[in-house]
Amino acid sequence: MEVAKRTQNLTSKRGGKEIVAEAFTIQSQMKNVKVQNPPKAGAFMEQPGKPTSFRKFYERGDFPIALEHDTKGNKIAWKIEIDKLDYHHYLPLFFDGLKETTHPYEFFARQGVHDLLEHGGNRIVSVIPQLIMPIKEALNLRNHKVICTTLKVLQHLVVSADLAGEALVPYYRQILPMLNTFKNQNLNIGDGIDYGQQKRENIGDLIQETLEALEKHGGEDAFINIKYMVPTYESSVLN
Amino acid sequence: MQTSGGQDHLCINPEIYCKKIQGTSVRSNSSVLPQRKYQRHLSIAMATSLGARKPTSIQRPKRWSEEVEEAYRLQLAGYRDALEYHSVKGEIDRWPKSGYIKKLQRKDGNYYYYNRSRECADKDVNKIKLYGY
Numbered sequence: 001m002e003v004a005k006r007t008q009n010l011t012s013k014r015g016g017k018e019i020v021a022e023a024f025t026i027q028s029q030m031k032n033v034k035v036q037n038p039p040k041a042g043a044f045m046e047q048p049g050k051p052t053s054f055r056k057f058y059e060r061g062d063f064p065i066a067l068e069h070d071t072k073g074n075k076i077a078w079k080i081e082i083d084k085l086d087y088h089h090y091l092p093l094f095f096d097g098l099k100e101t102t103h104p105y106e107f108f109a110r111q112g113v114h115d116l117l118e119h120g121g122n123r124i125v126s127v128i129p130q131l132i133m134p135i136k137e138a139l140n141l142r143n144h145k146v147i148c149t150t151l152k153v154l155q156h157l158v159v160s161a162d163l164a165g166e167a168l169v170p171y172y173r174q175i176l177p178m179l180n181t182f183k184n185q186n187l188n189i190g191d192g193i194d195y196g197q198q199k200r201e202n203i204g205d206l207i208q209e210t211l212e213a214l215e216k217h218g219g220e221d222a223f224i225n226i227k228y229m230v231p232t233y234e235s236s237v238l239n
Numbered sequence: 001m002q003t004s005g006g007q008d009h010l011c012i013n014p015e016i017y018c019k020k021i022q023g024t025s026v027r028s029n030s031s032v033l034p035q036r037k038y039q040r041h042l043s044i045a046m047a048t049s050l051g052a053r054k055p056t057s058i059q060r061p062k063r064w065s066e067e068v069e070e071a072y073r074l075q076l077a078g079y080r081d082a083l084e085y086h087s088v089k090g091e092i093d094r095w096p097k098s099g100y101i102k103k104l105q106r107k108d109g110n111y112y113y114y115n116r117s118r119e120c121a122d123k124d125v126n127k128i129k130l131y132g133y
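Here the protein sequences come in this chain order: A and B.
Each residue of the first sequence is one higher than the one before, starting from 1 at the first, in our numbering.
Each residue of the second sequence is one higher than the one before, starting from 1 at the first, in our numbering.
It is worth saying that the hints were derived from the structure and are not from the lab.
All figures in this text were calculated on a predicted structure; none of them were measured in a lab.
Backbone N, C-alpha and C define an ideal beta-carbon position, used for all residues, glycine too.
Incorrect hints may appear among the rest.
[Stated by the list, open to error] BS3-like cross-link-like pairs, simulated, lysine-lysine; straight-line CA separation at most 27 angstroms:
1) Lys84(A) to Lys97(B)
2) Lys75(A) to Lys103(B)
3) Lys216(A) to Lys145(A)
[Claimed, not checked] Chain A regions said to be covered by chain B (calculated; three or more residues, Cβ under 8 angstroms):
4) 161-172
5) 230-239
Chain A on its own, in the form it takes in the complex (with noise of 0.2 angstroms):
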């Protein structure tokens, strides 16, 4: 199987004077044979997106809010009180759907965490280990979209709570991997405008805040473990 996978890999140009072979095969250390440049490893590659239990919960009416479609603006209109809501089962399920692209999920679960966590207080502090799950699966997805929208809500996430951005430190293990990845996807334009900072969907000005802003909320340690997660990060505290 292998030497025919191989000989497969073989292909002659030219009349069959140049073979092109896979680096560290014996062909490649043949006369005539150009090297193959390695594959690409993929580390910016988007992940296919699977289907989320946030669409099924949704579709199935699951959910305490209104489905509607109306043209006032960017509302959720929840049936219950959130105050009365059981965080447990729903936060993480709304961060759940932070993985969906498509309409009306991924609105519905964007501004859901946003409402649960503007008004839930000290209430989201016991379920944050729920939470690292679904933000590490939506970061490994390697959507530009997804991206932004869990940078933006880690952001909201520390300052939704006094003790949130300390309750994260010992997650920054799961989340931070793929911000070191993408912390320098900026884009060099010279002196054209890059619509994107105004947008905020500039990936690496958002990773630079959300660190920031862990820095900032996650007490004397949060540094430290920053550093070690990526380090070509500066504090904005200490200096």
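Given the coordinates of chain A, work out where chain B should sit on it, guided by the hints.
For chain B alone, kept in the frame of chain A given last:
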């Protein structure tokens, strides 16, 4: 005319209360009701009477202000202004520091939640109606 403040509000006739505040009969009634409770009844009763009244003027704002923000939040939920909300649903839930509206119940019973900070964008300012009485 109905208020949602509680059962004891239902027996109050707002017109009588409005007249009482101008006349001398307030003192005689205040001995029956505690002062604070009476004032609460009075404010709701006045709001109810104003809520039932129709506005006499309407204005389109040119710039954002706190008054515009208040009207924006109320009109997003389907109410004309705070007086109408008082007459239909009662007290408004507000943010502690800024005093902006925090939560409103729509006429169909669903809830709208609002941010701590400004929500009315500049592009929406001219869509707001400010009513005068």
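Status of the hints after comparison with the structure:
1. Restraint check for Lys84(A) and Lys97(B): the C-alpha separation of about 23 angstroms stays at or below 27 angstroms, so the hint holds.
2. Restraint check: the Cα-Cα separation between Lys75(A) and Lys103(B) comes to about 12 angstroms, which is no more than 27 angstroms; the hinted pair holds.
3. Straight-line distance between C-alpha atoms of Lys216(A) and Lys145(A) comes to about 25 angstroms, which keeps the hinted pair within the 27 angstroms bound.
4. A count of 0 residues in the segment 161-172 of chain A with a Cβ less than 8 angstroms from any Cβ of chain B is obtained; the coverage claim is therefore unmet, three being the minimum.
5. Chain B is given as covering the segment 230-239 of chain A, and this is violated because 0 residues of the stretch bring a CB closer than 8 angstroms to a CB of that chain, at least three being needed.
The structure does not agree with the numbered hints 4, 5 stated previously, though it agrees with the rest.
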